[in-house]
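If you read the sequences in order, they're chains Y and P. All residue numbers for the first sequence refer to the numbering used here, where the first residue is 185 and numbers rise by one. All residue numbers for the second sequence refer to the numbering used here, where the first residue is 185 and numbers rise by one.
One or more of the hints may lead you astray.
For chains that are exact copies, the list does not tell them apart, and a pair is met inside one copy or across any two.
To be verified - List time: in silico DSS-like cross-link candidates among lysine-lysine, alpha-carbon distance up to 25 angstroms: (1) Lys232 / Lys290; (2) Lys327 / Lys236; (3) Lys457 / Lys290; (4) Lys379 / Lys334; (5) Lys212 / Lys236; (6) Lys212 / Lys269; (7) Lys290 / Lys334; (8) Lys191 / Lys435; (9) Lys351 / Lys379; (10) Lys236 / Lys356; (11) Lys453 / Lys191; (12) Lys351 / Lys435; (13) Lys250 / Lys379; (14) Lys457 / Lys334.
Please keep in mind that the hints were generated in silico from the structure rather than gathered at the bench. As the structure is a prediction and not an experimental result, all values here were calculated from the model.
Number of protein chains: 2
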Amino acid sequence: MEILIAKGAGFCFGVKRAIDIAFAMADKKQEGIYTFGPVIHNPQVVEKLREKGIAPTDDICKDDIKVLIIRTHGIPLDLMEGASKSGYEIVDATCPFVTKAQHYAKLLNDDGYQVIILGDRDHPEVRGLMSYAGDDALVIDGKEELPELKSRVGIVVQTTQPVDGLKRLMGKVIERSREIKVYNTICNSTALRLKETEEMAGEVDVMVVVGGKNSANTTQLANLCAARPVRTHHIETAEELRPEWFDGAGKVGITAGASTPDWIIDEVKERIKDIGGEQGDGT
Amino acid sequence: MEILIAKGAGFCFGVKRAIDIAFAMADKKQEGIYTFGPVIHNPQVVEKLREKGIAPTDDICKDDIKVLIIRTHGIPLDLMEGASKSGYEIVDATCPFVTKAQHYAKLLNDDGYQVIILGDRDHPEVRGLMSYAGDDALVIDGKEELPELKSRVGIVVQTTQPVDGLKRLMGKVIERSREIKVYNTICNSTALRLKETEEMAGEVDVMVVVGGKNSANTTQLANLCAARPVRTHHIETAEELRPEWFDGAGKVGITAGASTPDWIIDEVKERIKDIGGEQGDGT
């Protein structure tokens with residue numbers, strides 16, 4: 185059984201930076217360090233941090249907070265302002281690309297554009313972006329019909345969205361509005377990972393997508409593969425792998441979301457190798 | 185034989201305004217009135233003006249100019265400035281929607297965007313727009329590959345382009361640039377005329393498209409019909425109609441460009457009626 189790993193699989197720049205910040209804080213062994221929500225969307229990494237004494241919280245007013253680490257997805261403006269007034273230290277691990285998208289959402293709103301955010305309305309990054317985008321802002325996931333729009337529309341995009349959705353949205357908006365200003369805030373590494381994964385899915389018999397079930401970009405990779413279609417399995421850890429998934433498979437592809445650590449990808453690879461060996465194909 | 189006429193066929197607002205301006209000037213019976221180029225892209229109208237003593241010229245320095253009427257498609261900035269310095273009277277019959285597009289091209293350039301003009305590079309409107317769009321501006325007709333672009337791109341559109349081409353261009357640009365600002369300068373009446381013509385082409389056996397062979401928007405209507413596909417004939421006047429075009433036709437559609445006068449459309453309709461009668465279908 186041949187096993188391929190997508191080059192762009194695993195930690196992106198923003199996640200790596202957030203993890204480095206969080207673990208560096210953990211090394212200080214200070215009391216009262218929290219992350220606002222899970223610092224990244226990977227339960228195993230969050231668990232490792234918890235073991236080192238850093239837990240996630242959703243309560244910025246929690247009594248014993250000494251340091252609050254802002255998650256990589258960013259947080260809404262009012263929470264950031266509330267936390268700033270609380271007197272404890274704030275360590276901002278927001279991905280710089282998300283910070284940039286927040287900045288652009290504010291800029292568009294300040295310039296009088298009606299802001300559309302293309303993304304998943306329940307995702308923390310999008311909830312954060314919304315808080316910068318003004319009262320008439322809309323979240324569009326790309327599937328629904330557009331409501332009536334103002335004549336000047338500005339668009340920012342959740343950093344992990346595929347570019348095709350942005351193109352479709354722009355096409356719909358320009359039929360309804362006279363002026364449109366778009367900041368393409370899709371992160372390059374996301375675009376690259378989607379492209380590599382799609383190509384790989386076309387070459388293999390089984391795709392294994394590794395990453396948090398709560399990770400939007402990992403779920404997106406899994407959906408992309410399943411739609412190809414190719415036999416696709418989305419797992420968080422190697423323990424979830426089942427030998428029967430690989431029956432008759434000559435080639436297996438592994439990809440992983442931006443929040444999936446290398447050590448989990450390696451474990452998955454080794455376990456699939458073992459399954460191949462057990463099935464006697466000599467890999 | 186049933187004959188349908190597209191509702192949006194014939195003079196648009198900008199053309200009607202330019203014609204009214206030009207014929208009002210003709211009524212003054214003053215010497216030395218010229219239009220810069222043909223005031224609209226309809227040879228029959230231009231001929232009628234010539235009979236009234238108003239001829240087109242491409243030479244802004246012509247000795248005997250007393251009044252220069254600027255064509256509905258607008259003219260390049262340097263020519264406008266040159267004409268302004270010549271001491272004769274300038275009457276601006278530029279379509280207000282074209283003037284707006286010129287303004288937006290300048291605005292985008294002033295704001296530091298690389299300007300792309302979607303349109304036909306040889307069309308006078310586009311040559312005019314280019315003069316406002318800065319040194320790094322590009323004309324794109326939608327068919328060619330895009331060259332490398334700057335990170336901030338602004339788009340304006342020749343007023344008679346179809347919106348689908350704009351959507352395709354936006355999709356290509358957003359893959360290459362981080363910021364894109366689009367002024368949808370496509371004129372509403374153009375969009376409506378294209379839509380009505382396309383629907384009509386789907387219902388009839390023969391389409392007759394009436395208007396100047398040098399009219400971009402008329403040629404576009406003809407191409408749209410031919411691609412549908414439906415038997416399509418682009419004519420300037422009723423004299424060009426051939427009875428054999430209508431052999432076996434139950435339904436005939438007539439559409440016309442923005443620069444086609446009603447009297448020509450009426451003549452075409454009457455001539456097709458006659459052909460139907462000659463063919464003995466009792467229309």
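We went through each hint and held it up to the structure:
For a Cα distance limit of 25 angstroms, the shortest separation of Lys232 from Lys290 qualifies neither inside one copy, at 35 angstroms, nor across copies, at 56 angstroms. In this assembly of identical chains, the alpha carbons of Lys327 and Lys236 never lie at most 25 angstroms apart, being 42 angstroms within a copy and 58 angstroms across copies at closest. In the homo-oligomer, the alpha carbons of Lys457 and Lys290 never lie at most 25 angstroms apart, since the shortest distance is 49 angstroms inside one protomer and 61 angstroms across protomers. In this assembly of identical chains, Lys379 and Lys334 lie within 25 angstroms of each other by CA distance solely across copies; the values are 23 angstroms between and 34 angstroms within a copy.
For the homomeric pair Lys212 and Lys236, the shortest alpha-carbon distance inside one copy (10 angstroms) is at most 25 angstroms, but the shortest distance between copies (91 angstroms) is not. For the homomeric pair Lys212 and Lys269, the shortest alpha-carbon distance inside one copy (24 angstroms) is at most 25 angstroms, but the shortest distance between copies (75 angstroms) is not. For the homomeric pair Lys290 and Lys334, the shortest alpha-carbon distances inside one copy (17 angstroms) and between copies (23 angstroms) are both at most 25 angstroms. Proximity of Lys191 to Lys435 under the C-alpha cut-off of 25 angstroms is restricted to the intra-copy arrangement: shortest distance 16 angstroms within a copy versus 60 angstroms between copies.
For the identical chains of this complex, Lys351 and Lys379 are neighbours both inside a copy (16 angstroms) and across copies (22 angstroms), given an alpha-carbon limit of 25 angstroms. Neither within a single protomer nor between protomers do Lys236 and Lys356 lie at most 25 angstroms apart by alpha-carbon distance, with minima of 48 angstroms and 47 angstroms respectively. Taking the closest pair of Cα atoms, Lys453 and Lys191 come within 25 angstroms of each other only inside a single copy of the chain (14 angstroms); across copies the shortest separation is 65 angstroms, beyond that limit. Taking CA atoms no more than 25 angstroms apart as the test, Lys351 paired with Lys435 passes in neither setting, with 33 angstroms inside one copy and 39 angstroms between copies.
Taking identical chains as interchangeable, the C-alpha atoms of Lys250 and Lys379 are never at most 25 angstroms apart, the minima being 42 angstroms within one chain and 63 angstroms between chains. Taking CA atoms no more than 25 angstroms apart as the test, Lys457 paired with Lys334 passes in neither setting, with 56 angstroms inside one copy and 46 angstroms between copies.
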